Amino acid sequence: MSIPTFHEIKTRGYLPPKQLRRLLFFGSLALGRVFITNMKDIKKLSKTAQTQKKYHRPPRRYNIPTYDKSMQFCKKDKQYLRPTLYCNSYRPEIIALAHQLGAYQKSDREFAEAAFEFAKRKLTLEMLPLDNVKNTLQRGTGTCLHKLSVFVALCRAAGIKARYKLYSMTMIDAWSETFSDPMVQKWSDAMGYFMIHGEGEAYIDGEWMVGDVGPTPERQAATNIPITRFGEDSIGVWFSVVPGTIMQVESIPFGLNLMMKMVYKVAPVTVDNVNANVLAQIEKGKKILKEKGEKAYDAEIRKTFKPKFPEPVLKKRHEIIFEK
14 MSIPTFHEIK TRGYLPPKQL RRLLFFGSLA LGRVFITNMK DIKKLSKTAQ
64 TQKKYHRPPR RYNIPTYDKS MQFCKKDKQY LRPTLYCNSY RPEIIALAHQ
114 LGAYQKSDRE FAEAAFEFAK RKLTLEMLPL DNVKNTLQRG TGTCLHKLSV
164 FVALCRAAGI KARYKLYSMT MIDAWSETFS DPMVQKWSDA MGYFMIHGEG
214 EAYIDGEWMV GDVGPTPERQ AATNIPITRF GEDSIGVWFS VVPGTIMQVE
264 SIPFGLNLMM KMVYKVAPVT VDNVNANVLA QIEKGKKILK EKGEKAYDAE
314 IRKTFKPKFP EPVLKKRHEI IFEK
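Convert by adding 13 to the 1-based position in the sequence shown; the result is the number in my numbering.
It cannot be assumed that every hint is accurate.
[Claimed, not checked] Cut-off 27 Å, straight-line C-alpha distance, at most; resulting in silico cross-link-like pairs (BS3-like, lysine-lysine):
1) Lys53 - Lys274
2) Lys23 - Lys135
3) Lys299 - Lys319
4) Lys319 - Lys67
5) Lys135 - Lys82
6) Lys88 - Lys119
7) Lys299 - Lys274
It is worth saying that the hints were derived from the structure and are not from the lab. All figures in this text were calculated on a predicted structure; none of them were measured in a lab.
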């Protein structure tokens, strides 16, 4: 995408809403405080970042289909259908993939489900700064927001309205395995339990249907969580939303990438640890699903699953940590 005009910035939701501005402000202050007070340790860790690297990016789980100029895609300059920041639905890779998934052949519901399953199952979670959907598809990895942008772009390319649902949340205890790093613990102690998470919403048959593409089935199995289905909200299942922070927006706003870049630049060892933990979770979950079968596992866990959320200290901790 070209540099956005002032009109695009204003009308497409590139400016962060009030709730997000506040979260970003306090989150940046808290991150800065953690970095300053732990600078000596961070420098020591940074020196060994390359020699002791744990994470090695896994190969893509798919092939990118070939684009043909005759492929139909939505060109309407309307809200929730047009390209936005990090989410260019005009990209040849997105258009070709949309057609491979059944764009303009399946019903809107069927296609949205196919796009959801692709983003959820084929893209591997990796903590890194935000970039465009082309890079995400070429890499095969990204944060929940990278994966979400692919889902939104696929829906828009197929002529289905799609948007982002962002909120500040606390996660269930089971997810703590992913963040088992000393520096992450310090961030948590300084900033509280708040994190930014994103889900997608597609407009199907007159209503917005939610889809959380962040966790793969393997990661959910590894942490004894039901496997996400299209139309299910993760709020109240494995996330607890902080009241008043839900933001349904057309685009990822400016500023949301700031803290991720800061963490990636200043604390590469911590990023490496988190990404390595994600892959370890995936391997653990693979064994569970292979042994039980995905359908059997999901049916069994839904009968007994009760999320356990940590108690947020709302009066003392107002900051956030940027969640991947």
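field: Structure versus earlier hints - violations, ascending order
entry: Of the numbered hints, 2, 4, 7 do not hold.
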